[in-house]
Amino acid sequence: MKKLLHVLFAPGFFTNASVGHAVLVGAVVAIISGVVGVFVVIRGQSYLGHALGDFGATGASATFLFGLATLWGFLGAGVISGAGSDVLGHGHRRRGRDVTTGVIHALVMGIGALLLYFDTTMTNVTGAPETILFGSIFVFDPSLVPVVVVLGVLTLLFLLILYRPLLLSSLDADLAKARGIPVRWVSFFFMCCMAMAVAQSSLVIGALLSTALLIGPAATAVRLTKRTSLAMVWSATIGIAATWLGILLAYDSYDWPPVGRGWPVSFFVTSLILLFYLVSRFRLRHPLTVARETQTESRRKEAIRHEYSVERHS
Amino acid sequence: MMEITQRGSHGDVLTLKDVHVQFHNRLVLQHIEFAIQPGEFVGLIGPNGAGKTTLLKVILGLLTPNRGSVTVDGLPVKHGNPLVGYVPQKIHLEPDTPLRARDLVALGLDGHRWGIPLPSRSRREKVDEVLRAVDALDFADAPVGRLSGGEQQRLLIAQALLTQPKLLLLDEPLSNLDIRSAHEVVRLVSSIAQNQGIAVLLVAHDMNPLLGVMDKIVYLAAGNAAIGTVDEVVQNEVLSRLYGYDVEVIRVRGRILVVGGNNEVSTDLLQPTQHLDSMGGATD
Ligand SMILES: Nc1ncnc2c1ncn2[C@@H]1O[C@H](COP(=O)(O)OP(=O)(O)O)[C@@H](O)[C@H]1O
Ligand SMILES: [Mg+2]
Chain L
1 MKKLLHVLFA PGFFTNASVG HAVLVGAVVA IISGVVGVFV VIRGQSYLGH
51 ALGDFGATGA SATFLFGLAT LWGFLGAGVI SGAGSDVLGH GHRRRGRDVT
101 TGVIHALVMG IGALLLYFDT TMTNVTGAPE TILFGSIFVF DPSLVPVVVV
151 LGVLTLLFLL ILYRPLLLSS LDADLAKARG IPVRWVSFFF MCCMAMAVAQ
201 SSLVIGALLS TALLIGPAAT AVRLTKRTSL AMVWSATIGI AATWLGILLA
251 YDSYDWPPVG RGWPVSFFVT SLILLFYLVS RFRLRHPLTV ARETQTESRR
301 KEAIRHEYSV ERHS
Chain V
1 MMEITQRGSH GDVLTLKDVH VQFHNRLVLQ HIEFAIQPGE FVGLIGPNGA
51 GKTTLLKVIL GLLTPNRGSV TVDGLPVKHG NPLVGYVPQK IHLEPDTPLR
101 ARDLVALGLD GHRWGIPLPS RSRREKVDEV LRAVDALDFA DAPVGRLSGG
151 EQQRLLIAQA LLTQPKLLLL DEPLSNLDIR SAHEVVRLVS SIAQNQGIAV
201 LLVAHDMNPL LGVMDKIVYL AAGNAAIGTV DEVVQNEVLS RLYGYDVEVI
251 RVRGRILVVG GNNEVSTDLL QPTQHLDSMG GATD
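As given, the protein sequences belong to chains L and V, one line each in that order. First residue of the first sequence? That's 1 in the working numbering, and the numbers climb one at a time after it. First residue of the second sequence? That's 1 in the working numbering, and the numbers climb one at a time after it.
Take the hints with a grain of salt, since some may be wrong.
[As the list claims (entries may be wrong)] Computed spacing ranges between beta-carbons, pair by pair:
{"hint": "1", "chain 1": "L", "residue 1": "THR121", "chain 2": "V", "residue 2": "ASN25", "range": "49 to 59 Å"}
{"hint": "2", "chain 1": "L", "residue 1": "PHE188", "chain 2": "V", "residue 2": "GLU94", "range": "15 to 25 Å"}
{"hint": "3", "chain 1": "L", "residue 1": "GLU130", "chain 2": "V", "residue 2": "GLY49", "range": "52 to 62 Å"}
{"hint": "4", "chain 1": "L", "residue 1": "LEU88", "chain 2": "V", "residue 2": "GLN37", "range": "40 to 50 Å"}
{"hint": "5", "chain 1": "L", "residue 1": "HIS90", "chain 2": "V", "residue 2": "ILE116", "range": "54 to 64 Å"}
{"hint": "6", "chain 1": "L", "residue 1": "LEU88", "chain 2": "V", "residue 2": "GLY115", "range": "23 to 33 Å"}
{"hint": "7", "chain 1": "L", "residue 1": "LEU88", "chain 2": "V", "residue 2": "GLU248", "range": "40 to 50 Å"}
{"hint": "8", "chain 1": "V", "residue 1": "GLY115", "chain 2": "L", "residue 2": "THR121", "range": "44 to 54 Å"}
{"hint": "9", "chain 1": "L", "residue 1": "LEU88", "chain 2": "V", "residue 2": "SER122", "range": "41 to 51 Å"}
[Stated by the list, open to error] Examples of chain V residues lying across from chain L (beta carbon under 7 Å, computed):
{"hint": "10", "residue": "LEU60"}
{"hint": "11", "residue": "LEU63"}
{"hint": "12", "residue": "ARG67"}
{"hint": "13", "residue": "PRO76"}
{"hint": "14", "residue": "HIS79"}
{"hint": "15", "residue": "PRO82"}
{"hint": "16", "residue": "TYR86"}
{"hint": "17", "residue": "PRO88"}
{"hint": "18", "residue": "ASP96"}
{"hint": "19", "residue": "LEU107"}
No wet-lab data here; the hints were simulated from the structure. Where a beta carbon is used, it is the ideal one built from N, C-alpha and C, also for glycine.
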């Protein structure tokens, strides 16, 4: 038993300070990404979510040049370019919106490539690309831990305030407007929440994979429940599970070949998220749900038959 | 239209006076003038692009007309007015949207409020009451994205009833529905108008499903409108004047078809799959 525990939790896991910070920051990030992600999935904004990660990467590359904490780069660039996409994409349907985001995405990525080149050639910081793209949770600056926690709580509060108008705006913008909801502002503020969530998850698993934490748990959660609030809880829970397990495995992997290096957390987190998602897809559905669906289906077929017979006789 | 101006706006739920709407340099609505009394079922009928949705937006206060005035229950329009219930054309939902039918309906009550909803007994009772009114209790706990078009339409109607409106606006609730669901929705809306005294303005491009239940028709074509009973408005001369060219009204087997001049059929009033035969007959 003790031996098994030893294999599961490599020595020092519970006493290591970096691990402690990683577990705390990881949980905050998983909760924010999970909760925001449910709305990203409902609103069909996965692409913007992904682009926000890359926008943030460009910002983070800039902060390396000036010796600032990457958090600020991720956040600043994410919010600014996200706001830009929101304003420029306004009034377009989903496709137009994605095209606008795509154009900005390409431009920002180009600037990012240039900045990363400067990072690697002009500064003596090593590993900038790895840190930005794949995360750096074990070398997280302890002084930033409270910042992440506070920003996380604020984002969550903000989203809960937006909850009902956001839900209604996501279902039908005109219906929301008719109810007196300022749909433009709601959409803008939600984009800010999204940028916050993406910036924070970029710290943990990197800009490239932040989408995984934003979309994966939420996409799994919406398959598990038919209630928005429960989907948010499930999504956060799945995110925390994947992040903590990922941290544990990454810690354990220091003993795996090549010994002494440790595998990237992002690999474990994203694999676990994918695993959860696959399980939810192949999960046996509740018999009642299946019965109801079959019933609806047969009623629909009957309605169609009815329609045809009316047509033939008229 | 003239008779309405004489009657004045006293006691009207909705009054439009000389409404003009222009997009860029195009006049989309001109000199629209009509009124609706409590409990009246009015069909807003017209071909695609006639300006029906635009007119609804004006009534909802989402669009300010370039000229003219609109009052609801004697007061100028404003958005978020609880006296006006709005049923959008169709909501596009993925099947796995995590939202139950009753949650969608509850948004009609307090969807505009900030914060998360707190469950309460009175809230639940209000929601149950409108769910019963639209006969949706059966699927109240089902995920909305998996319901049929007709079922979703009934939920949207329930949602609009929650603020106890005096006027219910429905934008093309019957398109996308099979004949049977369409009849169900018409019957439902008509009984709401009769039993609860709520005035209904229902937009449709085909007037036929509404023939038995409409108290009045507002016919919109080329930016012009005529109001009256179906018999008064759906006449060759009246519609030709609206369209600006000769159209002919054909009544066959209790249905009404509007056929354009020059052998042109204005298919807007025909659902192509249903009336291919009669269309052929009309053009010959
Ligand atoms: N925001 C807008 N800007 C410019 N033109 C518009 C706008 N909204 C509608 N239109 C035009 O106004 C006309 C009426 O549109 P609409 O009210 O949607 O018609 P309907 O609902 O009767 O099909 C159409 O020709 C449409 O292209
Ligand atoms: Mg329309």
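For each hint, the structure was consulted:
| no. | hint | in the structure |
| --- | --- | --- |
| 1 | THR121/L - ASN25/V: 49 to 59 Å | holds (56 Å) |
| 2 | PHE188/L - GLU94/V: 15 to 25 Å | holds (23 Å) |
| 3 | GLU130/L - GLY49/V: 52 to 62 Å | holds (56 Å) |
| 4 | LEU88/L - GLN37/V: 40 to 50 Å | holds (46 Å) |
| 5 | HIS90/L - ILE116/V: 54 to 64 Å | violated (27 Å) |
| 6 | LEU88/L - GLY115/V: 23 to 33 Å | holds (30 Å) |
| 7 | LEU88/L - GLU248/V: 40 to 50 Å | holds (49 Å) |
| 8 | GLY115/V - THR121/L: 44 to 54 Å | holds (50 Å) |
| 9 | LEU88/L - SER122/V: 41 to 51 Å | holds (44 Å) |
| 10 | LEU60 | holds (5 Å) |
| 11 | LEU63 | violated (10 Å) |
| 12 | ARG67 | violated (22 Å) |
| 13 | PRO76 | violated (15 Å) |
| 14 | HIS79 | holds (5 Å) |
| 15 | PRO82 | violated (9 Å) |
| 16 | TYR86 | holds (4 Å) |
| 17 | PRO88 | holds (5 Å) |
| 18 | ASP96 | holds (5 Å) |
| 19 | LEU107 | holds (5 Å) |
Violated hints, in rising order: 5, 11, 12, 13 and 15; the structure is consistent with all others.
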